[in-house]
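There are 4 protein chains.
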Amino acid sequence: MSTENWKTSITKIGPGTIHVKGYNITDVMEKLTYAESVFLILKGELPSKAEAELMNAILVSSIDHGATPPSVLSTRTVMSAGNSLNAAVAGGVLSIGDTHGGAIEQSAKIMQEWAAKDGDVSKIASDLVDWLKENKIRMPGFGHRIHKIDPRTAKLFEIADKHGYSGRHIELCKAIRTALSEKTGRKLPISIDGGIAAVISDMGFDWRLGKGIFIISRVPGLIAHAFEEKTREKPMRKLGPLPFDYDGPDEREID
Amino acid sequence: MSTENWKTSITKIGPGTIHVKGYNITDVMEKLTYAESVFLILKGELPSKAEAELMNAILVSSIDHGATPPSVLSTRTVMSAGNSLNAAVAGGVLSIGDTHGGAIEQSAKIMQEWAAKDGDVSKIASDLVDWLKENKIRMPGFGHRIHKIDPRTAKLFEIADKHGYSGRHIELCKAIRTALSEKTGRKLPISIDGGIAAVISDMGFDWRLGKGIFIISRVPGLIAHAFEEKTREKPMRKLGPLPFDYDGPDEREID
Amino acid sequence: MSTENWKTSITKIGPGTIHVKGYNITDVMEKLTYAESVFLILKGELPSKAEAELMNAILVSSIDHGATPPSVLSTRTVMSAGNSLNAAVAGGVLSIGDTHGGAIEQSAKIMQEWAAKDGDVSKIASDLVDWLKENKIRMPGFGHRIHKIDPRTAKLFEIADKHGYSGRHIELCKAIRTALSEKTGRKLPISIDGGIAAVISDMGFDWRLGKGIFIISRVPGLIAHAFEEKTREKPMRKLGPLPFDYDGPDEREID
Amino acid sequence: MSTENWKTSITKIGPGTIHVKGYNITDVMEKLTYAESVFLILKGELPSKAEAELMNAILVSSIDHGATPPSVLSTRTVMSAGNSLNAAVAGGVLSIGDTHGGAIEQSAKIMQEWAAKDGDVSKIASDLVDWLKENKIRMPGFGHRIHKIDPRTAKLFEIADKHGYSGRHIELCKAIRTALSEKTGRKLPISIDGGIAAVISDMGFDWRLGKGIFIISRVPGLIAHAFEEKTREKPMRKLGPLPFDYDGPDEREID
Numbered sequence: 163m164s165t166e167n168w169k170t171s172i173t174k175i176g177p178g179t180i181h182v183k184g185y186n187i188t189d190v191m192e193k194l195t196y197a198e199s200v201f202l203i204l205k206g207e208l209p210s211k212a213e214a215e216l217m218n219a220i221l222v223s224s225i226d227h228g229a230t231p232p233s234v235l236s237t238r239t240v241m242s243a244g245n246s247l248n249a250a251v252a253g254g255v256l257s258i259g260d261t262h263g264g265a266i267e268q269s270a271k272i273m274q275e276w277a278a279k280d281g282d283v284s285k286i287a288s289d290l291v292d293w294l295k296e297n298k299i300r301m302p303g304f305g306h307r308i309h310k311i312d313p314r315t316a317k318l319f320e321i322a323d324k325h326g327y328s329g330r331h332i333e334l335c336k337a338i339r340t341a342l343s344e345k346t347g348r349k350l351p352i353s354i355d356g357g358i359a360a361v362i363s364d365m366g367f368d369w370r371l372g373k374g375i376f377i378i379s380r381v382p383g384l385i386a387h388a389f390e391e392k393t394r395e396k397p398m399r400k401l402g403p404l405p406f407d408y409d410g411p412d413e414r415e416i417d
Numbered sequence: 163m164s165t166e167n168w169k170t171s172i173t174k175i176g177p178g179t180i181h182v183k184g185y186n187i188t189d190v191m192e193k194l195t196y197a198e199s200v201f202l203i204l205k206g207e208l209p210s211k212a213e214a215e216l217m218n219a220i221l222v223s224s225i226d227h228g229a230t231p232p233s234v235l236s237t238r239t240v241m242s243a244g245n246s247l248n249a250a251v252a253g254g255v256l257s258i259g260d261t262h263g264g265a266i267e268q269s270a271k272i273m274q275e276w277a278a279k280d281g282d283v284s285k286i287a288s289d290l291v292d293w294l295k296e297n298k299i300r301m302p303g304f305g306h307r308i309h310k311i312d313p314r315t316a317k318l319f320e321i322a323d324k325h326g327y328s329g330r331h332i333e334l335c336k337a338i339r340t341a342l343s344e345k346t347g348r349k350l351p352i353s354i355d356g357g358i359a360a361v362i363s364d365m366g367f368d369w370r371l372g373k374g375i376f377i378i379s380r381v382p383g384l385i386a387h388a389f390e391e392k393t394r395e396k397p398m399r400k401l402g403p404l405p406f407d408y409d410g411p412d413e414r415e416i417d
Numbered sequence: 163m164s165t166e167n168w169k170t171s172i173t174k175i176g177p178g179t180i181h182v183k184g185y186n187i188t189d190v191m192e193k194l195t196y197a198e199s200v201f202l203i204l205k206g207e208l209p210s211k212a213e214a215e216l217m218n219a220i221l222v223s224s225i226d227h228g229a230t231p232p233s234v235l236s237t238r239t240v241m242s243a244g245n246s247l248n249a250a251v252a253g254g255v256l257s258i259g260d261t262h263g264g265a266i267e268q269s270a271k272i273m274q275e276w277a278a279k280d281g282d283v284s285k286i287a288s289d290l291v292d293w294l295k296e297n298k299i300r301m302p303g304f305g306h307r308i309h310k311i312d313p314r315t316a317k318l319f320e321i322a323d324k325h326g327y328s329g330r331h332i333e334l335c336k337a338i339r340t341a342l343s344e345k346t347g348r349k350l351p352i353s354i355d356g357g358i359a360a361v362i363s364d365m366g367f368d369w370r371l372g373k374g375i376f377i378i379s380r381v382p383g384l385i386a387h388a389f390e391e392k393t394r395e396k397p398m399r400k401l402g403p404l405p406f407d408y409d410g411p412d413e414r415e416i417d
Numbered sequence: 163m164s165t166e167n168w169k170t171s172i173t174k175i176g177p178g179t180i181h182v183k184g185y186n187i188t189d190v191m192e193k194l195t196y197a198e199s200v201f202l203i204l205k206g207e208l209p210s211k212a213e214a215e216l217m218n219a220i221l222v223s224s225i226d227h228g229a230t231p232p233s234v235l236s237t238r239t240v241m242s243a244g245n246s247l248n249a250a251v252a253g254g255v256l257s258i259g260d261t262h263g264g265a266i267e268q269s270a271k272i273m274q275e276w277a278a279k280d281g282d283v284s285k286i287a288s289d290l291v292d293w294l295k296e297n298k299i300r301m302p303g304f305g306h307r308i309h310k311i312d313p314r315t316a317k318l319f320e321i322a323d324k325h326g327y328s329g330r331h332i333e334l335c336k337a338i339r340t341a342l343s344e345k346t347g348r349k350l351p352i353s354i355d356g357g358i359a360a361v362i363s364d365m366g367f368d369w370r371l372g373k374g375i376f377i378i379s380r381v382p383g384l385i386a387h388a389f390e391e392k393t394r395e396k397p398m399r400k401l402g403p404l405p406f407d408y409d410g411p412d413e414r415e416i417d
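Chains as they are written, first to last, in this note's numbering: chain F, 163 to 417; chain R, 163 to 417; chain Z, 163 to 417; chain D, 163 to 417.
In case anyone wonders, no lab produced these hints; they're calculated from the structure.
Check each hint, because a few of them may be wrong.
[As the list claims (entries may be wrong)] In silico lysine-lysine, PhoX-like type, Cα no more than 25 Å apart, as pairs: (1) Z/K271 x D/K324; (2) Z/K211 x Z/K279; (3) R/K205 x F/K174; (4) Z/K400 x F/K392; (5) F/K169 x D/K400; (6) Z/K336 x Z/K211; (7) F/K295 x Z/K396; (8) Z/K396 x F/K310; (9) D/K336 x D/K279; (10) F/K324 x R/K193; (11) R/K392 x D/K400; (12) D/K174 x D/K193; (13) D/K205 x D/K271; (14) D/K193 x Z/K193; (15) R/K396 x F/K400; (16) D/K324 x Z/K193; (17) D/K324 x F/K400; (18) R/K400 x D/K392; (19) R/K396 x F/K169; (20) Z/K310 x F/K400; (21) Z/K345 x Z/K324; (22) F/K396 x R/K205; (23) D/K345 x D/K400; (24) F/K211 x F/K193; (25) Z/K310 x F/K396; (26) F/K349 x F/K310; (27) Z/K295 x F/K396; (28) Z/K392 x D/K392; (29) Z/K193 x Z/K336; (30) R/K396 x D/K295; (31) Z/K174 x D/K310; (32) Z/K392 x D/K174; (33) F/K392 x R/K169.
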């Protein structure tokens with residue numbers, strides 16, 4: 163075994179002091195939003211104003227998607243079987259996989275690989291769609307089970323545009339949509355997964371962090387479901403794609 | 163089996179629309195911080211300005227605590243054994259338990275029960291310390307393995323004071339510290355767990371959500387460790403309380 | 163930190179040698195059944211012939227119970243979301259809790275506490291049923307969602323009787339059934355959970371191992387379901403209490 | 163969504179009856195060993211006598227390997243943090259991955275692919291070793307951190323030989339060892355992972371079940387460690403590759 167100490171670059175701990183990526187935790191608590199802190203701990207540097215707003219919007223966008231996703235089903239099942247909250251969250255996080263939440267990293271991987279090629283994005287998008295067709299690959303991050311248009315993606319790109327932040331990956335993402343429409347005749351929406359993939363790629367995140375960002379975003383939703391299961395339902399309930407009704411607050415406006 | 167549909171009050175989903183606790187997700191993405199959204203989804207209502215700042219500070223405060231906590235050890239061990247990021251996070255979340263992260267809910271439970279009693283907080287704190295001594299219970303949320311004073315708690319209470327937000331639970335928390343010092347002679351610091359417990363109790367959160375708030379806060383740290391393990395270390399590394407060095411950015415200031 | 167080494171009494175490893183509870187693993191591989199090895203590793207000693215047969219029957223009895231239990235639902239959901247086999251098993255094991263598989267330990271706890279009292283078992287059973295009624299507790303391990311009579315319990319007790327092994331806990335278990343019937347008018351079957359609880363109590367197992375024995379028994383079933391999900395179904399399937407048909411082998415006899 | 167019921171071929175449940183792969187569970191409880199039942203549920207058919215002994219030896223062989231493997235570390239860490247037994251087992255199972263327990267399936271995959279080629283096994287083994295060298299791949303299932311010779315593999319192959327059961331995969335496995343020794347000069351032992359891989363391949367198991375068989379085998383060991391942690395150690399213990407001593411029973415013989 164090596165006698166050298168192993169290394170970590172994340173957090174430095176001393177008696178009475180905690181520094182995350184070099185910043186004193188008490189300063190971070192006061193001066194940064196939580197979304198900015200998430201950016202800092204994953205990227206190592208503070209975000210610009212545009213990046214801070216985008217990271218905030220990303221984390222908010224996927225905080226919950228109702229009672230049907232597999233991760234919610236698993237969280238509620240573990241809770242319903244009589245377990246602790248952390249076990250229920252773990253069960254939910256386990257159900258996030260290649261086919262649930264995985265489209266972000268798959269989409270970001272493809273975008274990062276193709277955006278690195280020379281040439282303009284519409285030519286790259288056109289080549290990419292040909293390649294997808296040849297290899298019978300469905301472009302991840304496009305299309306949605308429920309939404310014909312994903313309103314979250316539109317908002318995300320709107321924020322990026324407002325700051326003049328849209329870079330090569332967001333542009334490629336839009337060009338892929340156009341190329342898919344022209345070459346296949348199907349006008350698929352860019353799902354929030356595809357939208358997040360494009361934005362974090364422009365931010366310079368490694369595509370392998372895509373699922374991580376989705377997990378951070380979704381955990382509060384899983385906890386809300388676990389707590390609702392615990393406080394509203396009987397133990398060992400039969401769960402699954404059964405009919406349910408929403409009985410929360412009516413639609414309302416943020417003042 | 164009941165023929166009635168089951169109910170959820172969290173999120174309403176329709177084609178092209180998502181409302182969290184009644185608010186349109188695209189409005190939330192633009193107008194609320196992620197910390198405010200976490201408050202909303204767990205509490206059902208929007209936070210006040212003071213509550214928003216406090217929730218933000220709470221989530222930031224526990225985002226990471228270096229490489230030694232059990233949850234980090236488990237996350238890195240799962241990653242090191244050759245697993246996916248979500249499995250590593252699940253492993254870490256499983257290691258958050260009654261003795262790691264659990265002090266928030268245990269402390270909040272006691273504070274909520276005792277703050278509900280009649281009388282002023284110093285009398286209640288004094289009775290509580292007697293009760294703890296009689297029953298040989300260690301007050302959860304006081305004392306820390308590493309920190310003699312927990313700087314995060316001081317910052318949290320400072321933010322509460324700035325807004326005139328400190329209520330009966332924060333006051334009881336401080337009174338418990340005084341009573342512990344007077345009756346046992348030990349000047350224990352209020353750990354961040356105790357601090358969070360007092361603040362979320364003043365915010366009106368059910369104590370059973372204490373571990374949930376800690377999990378939300380810590381998940382980004384776990385992901386940072388998982389990713390560092392994946393990208394810096396060899397597979398199936400021997401992990402544990404081995405010596406390690408911090409080699410991240412030097413101490414620096416937020417502009 | 164203590165400078166003394168910590169201790170383990172389970173397995174001794176040296177270069178080229180492995181001893182489980184003192185026995186050379188290669189001897190165990192050849193001379194003991196796997197059920198006997200499970201008994202050995204949990205209890206520290208070799209089982210008698212009766213105990214070996216009973217432990218075997220216990221492990222077989224709960225190997226699977228079709229596609230409806232929460233643990234199967236979770237395992238299949240994790241698998242369906244695009245995860246590895248070990249993550250799927252972990253998800254299933256997380257869904258074993260106080261209300262699924264937990265009846266063994268709850269039932270064993272009560273039986274071990276009450277069997278320790280003086281007097282004959284029918285008097286104890288009668289007092290116990292009174293105590294249950296007063297405290298509005300449902301006796302765990304009695305009654306079953308699907309089975310009016312649980313054929314597995316009958317077989318387990320038959321094996322115990324054949325060997326003259328039925329001790330105070332099995333007798334108490336039967337007496338509880340009689341007392342419940344006399345005092346409440348309901349002829350509840352002893353479920354397999356109750357049956358296992360009685361037998362492992364007669365074997366001298368700590369009741370806190372009840373859930374462990376259930377987990378050991380059920381894991382092969384979870385793996386069979388995970389593999390079937392992987393090889394027969396499409397990814398990200400909607401799972402839950404949906405109608406399904408059995409299309410495996412017809413009923414047949416062991417030669 | 164399809165209106166057709168989905169299908170499962172594992173277990174048929176009716177009121178008062180349970181049939182696993184067509185066999186009445188009460189018959190299985192009485193007539194089959196647990197190892198035979200595991201074979202049945204994973205393979206769909208009853209094992210021959212040789213297969214029954216081999217499956218038994220396989221499950222026993224990996225039941226525990228002391229306190230150092232990642233899965234034991236994770237299980238004990240989750241338990242030590244104050245969690246339930248099933249959460250601890252789930253944490254341990256999550257730490258079984260490509261680099262811990264994964265060698266069985268990796269090795270079986272290679273053996274199954276190469277054994278399917280025409281020609282005698284020594285020629286195939288020779289080509290395989292060339293291919294490994296060219297592609298800089300380490301042959302999984304050969305070599306061991308601790309053992310120069312893995313006594314468990316020798317015993318497994320001895321049982322196979324006794325029954326005249328050794329087929330093309332076991333022979334290929336032995337030929338690979340010879341070829342590795344001749345071409346690289348390193349006499350690597352066939353680890354138990356490699357041994358199990360060869361045997362289950364001769365039994366006709368899909369290589370993707372390799373990790374599943376390892377998980378089944380190891381879970382009782384994880385439960386023994388979780389229970390020992392719970393009953394012998396203080397909560398939130400610092401765990402890792404720290405020195406520990408074995409203080410269980412002395413070496414002894416099975417009568």
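Structure-based check of each hint:
1. Distance restraint check for Z/K271 and D/K324: the Cα-Cα separation of roughly 46 Å exceeds the 25 Å cut-off, and the hinted pair is therefore not satisfied.
2. The hinted pair formed by Z/K211 and Z/K279 fails the criterion: a straight-line CA distance of about 29 Å is larger than 25 Å.
3. Under the criterion of a C-alpha separation no larger than 25 Å, the hint pairing R/K205 with F/K174 is inconsistent with the structure, at around 33 Å.
4. For the given pair, Z/K400 sits about 23 Å from F/K392 by alpha-carbon distance, which is consistent with the 25 Å threshold.
5. Distance restraint check for F/K169 and D/K400: the Cα-Cα separation of roughly 19 Å lies within the 25 Å cut-off, and the hinted pair is therefore satisfied.
6. Proposed proximity of Z/K336 and Z/K211 is supported: the alpha carbons are some 23 Å apart, at most 25 Å.
7. About 21 Å separates the Cα atoms of F/K295 and Z/K396, which keeps this hinted pair within 25 Å; it holds.
8. At roughly 22 Å between alpha-carbon atoms, Z/K396 and F/K310 fall within 25 Å of each other, so this suggested pair holds.
9. Annotation: proposed proximity of D/K336 to D/K279 holds, straight-line Cα distance about 17 Å (limit 25 Å).
10. The hinted pair formed by F/K324 and R/K193 meets the criterion: a straight-line CA distance of about 14 Å does not exceed 25 Å.
11. Between the alpha carbons of R/K392 and D/K400 the distance comes to roughly 23 Å, so the proposed pair stays at or under 25 Å and holds.
12. Of the pairs offered as hints, the one joining D/K174 and D/K193 holds, with about 19 Å between alpha carbons and a cut-off of 25 Å not exceeded.
13. For the given pair, D/K205 sits about 17 Å from D/K271 by alpha-carbon distance, which is consistent with the 25 Å threshold.
14. Taking the CA atoms of D/K193 and Z/K193, the gap is near 18 Å; set against the 25 Å cutoff, the hint holds.
15. The hinted pair formed by R/K396 and F/K400 fails the criterion: a straight-line CA distance of about 43 Å is larger than 25 Å.
16. Distance restraint check for D/K324 and Z/K193: the Cα-Cα separation of roughly 14 Å lies within the 25 Å cut-off, and the hinted pair is therefore satisfied.
17. Among the hinted pairs, D/K324 with F/K400 is inconsistent with the structure: their alpha-carbon atoms are about 50 Å apart, more than 25 Å.
18. Under the criterion of a C-alpha separation no larger than 25 Å, the hint pairing R/K400 with D/K392 is consistent with the structure, at around 23 Å.
19. With a C-alpha separation of about 12 Å, the suggested pairing of R/K396 with F/K169 holds against the 25 Å cut-off.
20. Annotation: proposed proximity of Z/K310 to F/K400 holds, straight-line Cα distance about 20 Å (limit 25 Å).
21. Taking the CA atoms of Z/K345 and Z/K324, the gap is near 30 Å; set against the 25 Å cutoff, the hint is violated.
22. Using a Cα cut-off of 25 Å, the hinted pair F/K396 and R/K205 holds, with the two alpha carbons roughly 21 Å apart.
23. Taking the CA atoms of D/K345 and D/K400, the gap is about 45 Å. The hint is violated against a cut of 25 Å.
24. Between the alpha carbons of F/K211 and F/K193 the distance comes to roughly 13 Å, so the proposed pair stays at or under 25 Å and holds.
25. The suggested pairing of Z/K310 with F/K396 holds, with an alpha-carbon distance near 22 Å, which does not exceed 25 Å.
26. Distance restraint check for F/K349 and F/K310: the Cα-Cα separation of roughly 9 Å lies within the 25 Å cut-off, and the hinted pair is therefore satisfied.
27. Proximity of Z/K295 to F/K396 is assessed by CA-CA distance (about 21 Å); at most 25 Å being required, the pair is judged to hold.
28. Of the supplied pair hints, the one linking Z/K392 and D/K392 is violated, its CA atoms being roughly 35 Å apart against a limit of 25 Å.
29. Among the hinted pairs, Z/K193 with Z/K336 is inconsistent with the structure: their alpha-carbon atoms are about 35 Å apart, more than 25 Å.
30. A distance of roughly 21 Å separates the Cα atoms of R/K396 and D/K295; the hinted pair therefore holds under the 25 Å criterion.
31. Note on Z/K174 and D/K310: the hinted pairing holds, with a Cα-Cα distance of about 16 Å set against a maximum of 25 Å.
32. Our distance criterion of 25 Å between C-alpha atoms is met by Z/K392 and D/K174, whose separation comes to about 20 Å.
33. In summary, the hint linking F/K392 to R/K169 is supported, as the alpha carbons are separated by about 13 Å, within the 25 Å threshold.
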